[in-house]
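> Listed below, chain by chain, are the residues.
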Amino acid sequence: MGYASYPVLGTWITQQLAFDGVVNGLVTGLVAMGIVLIYRSTRVINFAVGNMGIIAASTMALLVLNYGWPFWLALGLSLVLGVLFAAAVELTVIRRLFKSPRVIVLVATVGIAQLAQLTFLQLPDIETSGRRYPVFVGSIWEDVWFTDIRVRGPQLTILLVVPLLALLLGWLMNRTTFGKSVAASANNPELSRLSGINPKTVSTFVWVMAGLLASISMVMLSGSTGQIAGLANLGPQTLGKAMVAAVLAAMVSFPRAMLAGVLIGVLEALFRFNFFSETGLIDFVIFLAVLVAVYFQSRSQGETGVFSFTPKIRPIPERLRQVWWLRHLSRIGLGALLVLGIVLVQLPGITNLPSRQLLYATVLCFAVCGLSVTIITGWAGQLSLSQMTFAGMGALFAAGLKRGLSMDFTVGTGFLPGDALSFDFFDVQFEASGIPFMVAIPVAGLFSALVAAVIGVGSLRVRGLYLAVTTFVFALAAQQYLYRRPFFSGGNASSVSFRRGELFGMELRSQKTYYYVCLAFLLIAVIIVSRLRRSGVGRSIIAVRDNADSASGYTVEPVRSKLSAFALAGGIAGLGGAMLAGLVQNVPISERFFQVENSLQIVGMVVIGGLGSSVGAVFGAIWVYGLPNLFNNADTVALFSSSIGLLLVLMYFPGGLIQIAYSARNALIGLAERRLGPDPGGKTVQAAPSSLTRLEDPRPATDPMLAGQGISVRFGGVQAVSEATVVVHPDEIVGLIGTNGAGKSTFMNAVGGYVPSTGRVELLGTDITKFSAPRRARTGLGRTFQAAALFPELSVRETVQVALEARGRTPILSTALHLPHTFALERRRRAEADELIDYLGLGRYADSFISDLSTGTRRIVEITGLLALGTRVLCLDEPTAGVAQRETEAFGPLIVNIRQELGAAMLIIEHDMPLIMSISNRVYCLEAGKVIAEGTPSEVRNDPLVIASYLGTDERAISISDV
Amino acid sequence: MAEEHAQGESIDALATTVLEGEAARRDAQKADVLFPDDLLPGVGGEQTTLKEGLRKGGFQTFVVLLALNSLDELENSAVAILGPDIGESFGVSDGAITAISTASLMFFVLGAGPMGWLADRFRRGPIVGIASGAFAAFSALSGAAVNALMFFFMRFFAGMSKANTITVHPSMLADTYPLQTRGRMYATNAGVGRVFSAISPILAGGIAVWIGGDDGWRWAFYLLGLPTAALAFFAFFLREPPRGQWEQKHVLGAGLKQDNKMPISVEAAFTRIWNIDTIRNMTIAFAAMGFALFPAGSIQSFFLEEEFGLDALERGLAVAPAGIGLIMFLPFVGRRFDATFRRDPDRAIRLIGILLLPIGVLVPVQYAMPNLALFMILSAINSTFLGGAFAMVQPAIQSVFPYRLRGMGTAFLTFFMVMVGGVGGSIIAGFLQNELGEQSAITIITAAAMPIGAYFVLRGANRLRRDLSLVVGELREEQDEERRQAETDPEDVPAIQIAHVDFSYGQVQVLFDLGFEVRKQETLALLGTNGAGKSTALKAITGLVTPERGVVRLHGQTITFATPEQRAAMGLHMLPGGAGVWSDLSISDNLVMGAYAYRKDPDDRDRRIEKVFELFPDLAHRPRERAGNLSGGQQQMLALARVMLHEPEVLMIDELSLGLAPVVVQSLLETIEELKSQGQTMIIVEQSLNVALAISDRAVFLEKGQVRFEGPAQELAERDDLARAVFLGTEGG
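Chain order of the listed sequences is A and B.
According to the numbering used here, the first sequence is numbered sequentially starting from 96.
According to the numbering used here, the second sequence is numbered sequentially starting from 2.
Everything hinted at is true.
Pulled a few chain A residues facing chain B out of the computed Cβ check, cut under 10 Å: (1) N282; (2) E285; (3) R288; (4) L743; (5) G836; (6) Y934; (7) Y940; (8) G951; (9) H1006.
Calculated directly from the structure, the hints in this document are not laboratory data.
Since the structure is predicted, the reported quantities are computational estimates derived from the model, not experimental observations.
Quick reminder that beta carbons are idealized off the backbone N, C-alpha and C, glycines included.
With the hints as extra help, turn the sequences into a complete structure.
Written out as structure tokens, the structure is:
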């Protein structure tokens, strides 16, 4: 019969398929609206949105089919249960994480999704024997409305219910006081409370609504497919498409979410019709669409999703390093783990069973993959939900290398009816013969590092929560499409063989031998990762995560550092994946290990163990993959330990299991500290440090140090700075004043290279207009920021060491390989940092975290960093903001002295009139982005324009600090 | 000139000035206030016999509550005994009935919250009456159930109403009878409950057998409900004891006036209770022990069945004698607790820990016994220790609870123990049991959980003196306040009063015994260096943070436990520093949300919005503009407009001038002066002394979370030691 029985719209799609696509798309749109709803009210991307609905959907089937309940009664109770689940989740989990960073709540929703799955598994089995999912209208209408479209009852329900619900939701959220209070609670919870709105109650309401939406969607969708067996997968499948629709709607627009949902539905139908041999192609196309959408959207969103709950390991204070066992504390722990690993496999009874050895080795391989999450999420703060995909790519590539690669890279071979058009974009032929097992693995690691770096480039602009969505969709696309390319799969459908070979003559086929190889491999990985963390590489990555602008100001390239984190993490994941595949001697394509859910699970695993710590990944792997193997019912337990376990950890030990170890460690350090007596503190050396370099300027003293000429900056429709020209001469202090929003900070950002601008910037006679911010910093431009946020998760010493990267970047490879000269480099950096810290009297706080310091102290640290850089022109943005008045007064002279010490010129923004008028040689006043006055302090102060727009006439308001 | 000045000092010396503040902040330590022992409630004083104690509070309350509690226990055990009959009646498995009765434990916990909430607000006699009446009714209805589902629902409601015994009873007993007899009071209660629980099989089973037939069990429920119903009637008329009267009498020598209008929010109550060290340690202890204790019963049953081949009846008989030891032991424990508490309260708590400690060892030994007799002997020893310890928990925690929060406090404790320990324990024990068998399961969890529990109890004991001292301090403050309110003209009662407030963000304490007042119609400037706690003090007044200690009063009424939303309704409005607007909302939506309290009356709301638009015409021009796009000054105007929608009793402004251009500050000052002339009470947090002096009548100067100066603003400017040190470094600049 073929296509003849359906009318064909051109040759692309039939009416019937388009109709079915629209109906399915409506449900996707509704689920997407649920995602938008949660995002609008809590700024969280809800990964549990699909699974929340399967509880209702499965109860519905259970009640009707198993117990013979009437349809409406069953529907009522099912929806109530779905809503109750959502309410319970909000009350017990979401509410407790009310003040946590949004990324943490996102991870929690991953746990909630698994919890729903677990709950679903606990329900009695549905009696399916030949029956279809219960529906209200079972009829079928043929040839509706002069078309040949066939409409089934469940589809009609969807056509009626979804638009109604969508309109209702839109009205509720956009038109009512309740809708506004949702927006208000999300925007500023404290202010909402002060106005009598309880954000927690609002949050409960919203989750209840989301639970209802999800439940209705899943019940309707199940009715539409009629299938019962696939219920468990319904949630994850819908999630992917709905997430895409929500992203296309910029996470905020209900109508766009619905529209995008329908569009995806139609597209899916279109692809299924035209490319029926490549089922996953639609997922790949969707991935590309998401990349494009996210590229345009995340620019406008200032969301920074930083994992600031990584457990902080307290550095051992310098004076305690003389105690040998404290010095080697971290190594003692690692050694203990190693011994444990060996003992486990040596214990007769437990282990001489190859199946047990296999289990333990699985844990080890997952721990290696977990290390990649440690780097990308724990250090770089990028929530990637595709780490196991990189692992899978590594595994497939390794298998390919072993097998002998044949590359026939064709994309999108389409079979249009009648073969009208062929889609061969590429047709590259490549042949290579097989290489040994243990060589294939490292090469595969390099390959997956490359893939990850490519993805990294693609997501450079993507920040925070959006990266999670992008990588999630990438993982879906890989699982459905990329894995199945002949290049990877070698033509296999479900798994690719990957037989183990030998290593240095050791036969790896023995399970026990391979276990030891895995153990050694994990150990090496942990050692390398720990070393990188303690070196400039790790510090730079964390600095960029904590504060990319400050890092740029300290000459660290954010792009480079992010990419190295991506590549490093991808490479480690690839190695772990290849080892894992070697363990089972094949690479599963369509189930376990390298699927989307594994990527989600491994993030949960590392969070449970402790993000940011290399040992944390090992703990997590033992907990999530090791623990369930002690029990018979391993699947349930695995789901249990990764769902409830994850949620409990997020709520009670946000630092993960490693936090407990850290507490013990801190107690030990505290004990040693008490035995040594109090820290005398203070300075030890009085002379200026030798490491304080002073760059000589060969140019004549009259040439300007810094000249920003005709600088203009536009933000969308707002002209923030227009044609402003500011010149700073040698040894000069230039003040920049003006009302809030006059463009002072923006001008300074334009000069520093932090915002795109037009005009010309010259530094020490060099045209730096085209330089990046870090390069401008290397040329001699120093910058402090209004908030002095610096790098909260780094210690004072580490912060100064980041600035010292300006004197030569820490090489990644040779550091990872523990080459001797890298140790010397580290020691020198440390000594230089200590000198500078001592010089400013910060010695007592050298090992304190920046986040524990007051604003004033942080500003001192920031200035220490500038000293380390050897800055020639200092740009200070409100250096006294948030500093107590007495400290403000110390700051004036301090700034002047630093300037002298560096022989630098200075541009300074201040609201404190007495301060700025007393230290400046010249002052510029900005108003609406333009320079309205320039001259000596007294000239500017008496300028009528300045008085009218900025100073006013009230003496009390002008002389705020009254110096 | 600053340039010249700078020459004299080196960089590091200047940096040191800034760093000194840091050092001082770090050195600030929690200073404990410890009162001498004889002031602590329940410590010292004369010994009181149980009889004397009962006479002081009247016998009725004790007898009625004791009887109600015992009957509840009896009815509860009846479900277990009659389970097989019930299951047969409904045609469901024994397992289903067991599941229902186990679930009733959850219902019990669900009921504890609301019951505790009620107990802290209303007369407790009627609560007990209604709840017990409901219990009797649902008990009878359980007997009348026609199917398992209905039986389930009846047990659900019976469980909920039974919760009054764990939250309302202790609160009422604690307030009715003298402190010195609490140990014996609760021991007796627990003992009699035990006795009834033990005779339940005979009584309930007896009724069922006596009536006979398939429906014999129903009569047990009908009949057992009757005495409860009768007692519930009596409970209505029980005398309502004044809250905290015995603590007040012990510490102050007299009772205080009762303040029943005090608003208490669950959130604030929870935060406050969680901050009491003794309570926190005890809660963790019991949550940990819950892991071992909740699954113990079912594991024991399985073990007896599998190891010694006992059937259900035999198991019941085997377990029964174990209770006898406890019943005999309880009077000793009660007496010992009371006597010890009077001499040395820490030791009384330690007594609980010491009783718990051996169980971690004895239970594994019990399960290693070769025969049933030895097993039962050890079982008896264990349940004696355990029951003894548990009977003393109530008297111990009731001594440190803020007396207004007894009900909710007990509810939290119960909730934690069951939800963490009970649920977690059942799951873990279940897995271990399947995997390793009963003996290993119970050995592992008991050996792990009990020592942890005992450790935390002992740790809590160390903090008891401090917590009791806090109770004393609080009571004394209340007495002072009561005297003051009696002496002063009601017109002179301060608008805001905060006293003895401690607050920490995590480990960092910010407020130390902070106290000051704001008089009606005055403008108070709250001054101080960065991190002195100014903003936190404002947050404590608005309820955004709950102090660990101390009180906040508005016009003489205590509002310490009210939520920010409640306080906003009372007229406390704050303009938060730097975040005074909803940046994502439009100007008009900002005002609509600001006027959220008037949402029920849109006309009134619109009128108010119209009024502030007249005051700030700048905002009226573009109501659809997103607030985040406004300049700093305009945002501050909008924030001010938001609070001026109301007629605030007290207006608080955090960081009025921070980061704003002088010309903006000037116009803000004009608005403030206008408000001031209208007699608005205001608290203004300000970094700038000049701005503060310009507008305030009085100033409070904070340093390191404490008040260093309180008085007329002008006087502060003259106090060289304070003002100059903090504000005016160099002279004549």
